[in-house]
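Okay, here's what each chain looks like letter by letter:
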Amino acid sequence: MDLYEFQGKELFRRYGIPVSEGRLATSPAEAHEAAQELGGPVVVKAQVLTGGRGKAGGIKLAETPEDVEARASEILGMDIRGHTVRKVWIERASDIAREYYLSITFDRGAKRPLLMFTTHGGVDIEEVAASSPDELVRLHVDPLEGYHPWQGRRLVYDAGIADPVEQKQIAAIVERLYEAFVGCEAMLCEINPLIVTTEGEVRALDSKFTVDDNALYRHPELAEMRDVAAADPLEALAREKGVTYVKLDGEVGVLGNGAGLTMSTVDVVTFVGGRPANFCDLGGGGDAQGVVDALDVITRDPQVRSIFFNIFGGITRCDEVARGILQALGQMAIKLPIVVRLDGTNAEEGRRLLEEAAAANLHAEATMLDGARRAVELAAAA
Amino acid sequence: MDLYEFQGKELFRRYGIPVSEGRLATSPAEAHEAAQELGGPVVVKAQVLTGGRGKAGGIKLAETPEDVEARASEILGMDIRGHTVRKVWIERASDIAREYYLSITFDRGAKRPLLMFTTHGGVDIEEVAASSPDELVRLHVDPLEGYHPWQGRRLVYDAGIADPVEQKQIAAIVERLYEAFVGCEAMLCEINPLIVTTEGEVRALDSKFTVDDNALYRHPELAEMRDVAAADPLEALAREKGVTYVKLDGEVGVLGNGAGLTMSTVDVVTFVGGRPANFCDLGGGGDAQGVVDALDVITRDPQVRSIFFNIFGGITRCDEVARGILQALGQMAIKLPIVVRLDGTNAEEGRRLLEEAAAANLHAEATMLDGARRAVELAAAA
Amino acid sequence: MAILVDTETRLVVQGLTGSEGRFHGLRNRAYGTHVVAGVTPGKGGQDVDGIPVFDTVDSAVSSTGANTSMIVVPAAFAADAIYEAVDAGVDTIVCITEGVPAHDMLRIHAYLHARGVIMVGPNCPGALSPGKANVGIIPAEIFREGSVGLVSRSGTLTYQIGHELTQLGLGSSTIVGIGGDPVVGSSFVEVLALFEGDTQTEQVVMVGEIGGDEEEKAAAFIEGEMSKPVVAYIAGFTAPPGKTMGHAGAIISGSAGTAQAKKDALEARGIRVGVTPTETAHLVAELIRA
Amino acid sequence: MAILVDTETRLVVQGLTGSEGRFHGLRNRAYGTHVVAGVTPGKGGQDVDGIPVFDTVDSAVSSTGANTSMIVVPAAFAADAIYEAVDAGVDTIVCITEGVPAHDMLRIHAYLHARGVIMVGPNCPGALSPGKANVGIIPAEIFREGSVGLVSRSGTLTYQIGHELTQLGLGSSTIVGIGGDPVVGSSFVEVLALFEGDTQTEQVVMVGEIGGDEEEKAAAFIEGEMSKPVVAYIAGFTAPPGKTMGHAGAIISGSAGTAQAKKDALEARGIRVGVTPTETAHLVAELIRA
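Protein chains in written order, with the numbering used here: chain A, 1 to 382; chain B, 383 to 764; chain C, 765 to 1054; chain D, 1055 to 1344.
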């Protein structure tokens, strides 16, 4: 789960990482009020779960509360890479002397957390990695042993930070960021830029914070940070029902069990000339009710012209899936053609159930490839 | 550093391990008051840093506040294995159904913390280890990985605890005791007995808690628990001055540098027929002031008849030791014969300084064995 | 010979008394796997259709000689179950449980690695050696015994590809679902190395997907260390961007983590990559005929 | 050949700019040890009498090829210094610092062990191979080169026994003070194994003291694994009771931890134990003459 800048900064503050004072606003009037409370020049920052806010005009400097209100009304409602801005973060403007970059990543390959630090901050870190790889200092932390102070020192010395006061501040921030990374079970904690003010104070000016969905059950305070309103309404509905759903831009609704098979099904639908309308994974269990819920979500997308059920039973039992399809047909009066391909656990029983039901819009196919072709044909014909 | 029962129980309480309610009292009147506050039958327990309180009559049951006052006045001032009782712990009496044993030890050999649990509690654990070794369940914890819940479960199942409610309580106590062990950097946390009350509640009825002296610098709240008054006054004075001093029962004051050499010197003094008055280790550094302080401590013991300085310089520099001896002689007007044997770093310079001073009671010896013999002779002659 | 599970496997199921544990444990036994014990704290002394249940893995191992554990417990208890299995001395663990936190897995991976215990999973379908043993939830009936080693990050996609192989008359030595989580006990390279050393396995199918750089690492391993031919399949070519790893992640691995990047990396090392599961199975068949 | 430190040693001193670090670092160099670098955070770029100082151990190692670190920093910083040295890739660490908390050492020991790094100490005098290198605070002038390996839990007591040997005309291969803390990087058995494998060492003196059971373990190791003769000395025969390990500790080790118990354990394995340092040296001399 990705957090907004203001949420990440709130976590930074809790872990003792210096941030600028700020207020959240969801309307120009609130922005005005926030600016009055803060006083002096502020920055109005769009809160969206995507990058490139600056280039899109989602970050504006403002001097007076009136100015802030005007900027906020420009930014609120703006579309940034498909994300509608519903919140702005109003923050005291900083006098920036230098911009650095600091992050802790979950390094899947090395299976250890990775610290990265460079004095080339405020720009895309890929660019730094490509243009000045030697100036991007990288250091792994042993997950059993944890962080030790020498690691923060090594980052600052190797990056060439010369000022002792700055060294100490940064090393302390590295230690606290690691505490936040472990304490929140993050997959990524990134500060870009980590600024040095003209007064020599080091502060986090932005925040990218991603936490592990699987760990949220033991971090209720983080789980509450999820912004249900920000998600696609269908995706939110699916999540509520325990189904993984990603909206795509085509006509063939795809429903599989397991992320890999579902991804592969979306690929195959594309390769045979169709356009998938969604990625919808029933998940590991997949009982009849899950199938009903998934169909409910998929059929709410008006673009859908046909649906391809590609199920390979393991834990998922094909007879349960068949029962779910029949139940959904009974409850929801689905008219769309549904191509069903069942294999694996209890597949024969499942096929038998569907055959017996003899619904006009149910089309059984024996293979994944044939199922995909049939669903694409049916979508084109609809 | 060993903690008193009441201190250990306070730590247990902080870590969520159930203990009986109690009050500390240093006088019979305070004991009376404590009993009134607690109400009902209580146990009056001598607080001393040694075992065998029960056998020595230091633990008494009492029904009424008057009774408590009487028992407290018997116990306060009592001598238990050389320790004077200055405090009693007044605690609500428990209805004991069963007595178990639980401990976490710092296993030097395995270099891991060791959990031990048995249903044979309330007796000397050495006896259980000898008579029913199979019923003493032992399990190590990996120091990097830490404690996991299966370990507490394994202790209770392997020890044969059958009642599920009891299993859960004990497993939870094991987990908290491990937290206390690590959180306080303990060398030993022992609960003997860990009782089950007639109502089925599991509670710590005693506490043995030893914390690592080397770690006290980061646990000021534990460092404050040190009972300076309980220590031998000379040992307390020595500690204050940064010198390790243990009072023994002889006439030859022994002063060495390093625990091993000092122990060996005490041994050698004994083997050549003398009786060491003390063990006094200058420690690793040993500057002139340290020597003055050590002599100050040693000479306060009226039993001392001669002093043997056995110094082998490493970090300790013999010239510094010599300067310290001369400084002490100047300041304190020591009349006792002092045998000095110097070897190692700057030994020649040290010997030269002592020779030049030509003090009548200073006797240089070339070897440790000869030094010990000379000191023993001089003590006998004094 | 097969890898990971075979006729020597003596299986303890952690969570045998739960509904999933019971279902798959008994199914594994019905297949012929020696399911010797179950573990559920507090249920020691009971049995599940004749399989004795113990309170601790240690007592299960010492009473039954179990050498392999299958973990089918809720996610919140999975880490503890893994540590318990390691300390009880099993040498192979198959963790089916889904939803184990990634930070737990970092620590577990380091712990396992230091002790030489092999774990498959978590969030995986397990391992099946057709004709010998099935440990996990793979539907064994779709596979037959043979010479193709199959390793996959995905569960159901593995069945799909195994099914395609079976349709072509090809059998498998062992099917291993390593799980799709960010950190798993055994990654492609580790399982490929086992297949390389297995006499029964003559060719290998590797089924990858978007994210991470395990396929890229596997490509280098296959080129450098493997004598047996490998065919690959990658899922997720049409996955929308933003579903792959973030920026910092891409920097670490030097890979975009996309299906195309993985395909390119594999093909650059001379490894053939099928575009659909069906084509992938045909590529294997070609290899065998050649 | 000697053990641990020799002419191949390239030493970095962590804490070189402190007064102790400077004193002993320069003293070690004066003895002939290749002291190639110092490390003090914030003092990188300075030098101590020509020895370059670095901010990090990593930069010291990569700039100077240091392979051994001596740690002479305050106790509160020692653990961090040890971890830094391990991660910088040195293969031998000598930790002089006194007062390192025991729980830190539990973790450090596990960490070192997993990475194959040898550490002597903490709270130890270091290691001296006469005529080759001195790393630590052992006064080298009291030892001469020879065939006696010397290993001890005590600092000054080691000097005493070495001195006695020298008086008898006997020289040493290496003198190792392992430190007297509850958990040290290398215990008797590990150092005895090094001596057993060292061509220069022909006999060994082991200097123990009350507490723990390392001497008892060493006795078993000497009997079972060593071909070279060992003479022992134990300090603390007249130590008052209560200064030894507590009850639970004695149960663990199966030993009372007393000097007498250790002496008995050694003698039961045929290992001679001297009553005084002087007698111990004479026992060694007898061995050599025999």
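Calculated from the structure, these hints are not laboratory results. Keep in mind the model is a prediction, meaning the values are calculated, not measured. Each hint should be verified, as a subset may be incorrect.
To be verified - To spell it out: a stretch of chain C is covered by chain A in this simulated footprint if at least three of its residues, at any positions, have a beta carbon under 8 Å from a beta carbon of chain A; those stretches are: (1) 773 to 785; (2) 818 to 828; (3) 844 to 857; (4) 908 to 920; (5) 977 to 988; (6) 1038 to 1052.
Virtual Cβ for every residue (Gly too), placed ideally from N, Cα, C.
Each hint, compared with the structure:
1. 773 to 785: violated (count 1)
2. 818 to 828: violated (count 0)
3. 844 to 857: It is violated: at least three residues are needed, and the region 844 to 857 of chain C offers just 0 whose Cβ sits closer than 8 Å to chain A.
4. 908 to 920: Result for this restraint: holds, n = 5.
5. 977 to 988: holds (count 3)
6. 1038 to 1052: It holds: at least three residues are needed, and the region 1038 to 1052 of chain C offers 4 whose Cβ sits within less than 8 Å of chain A.
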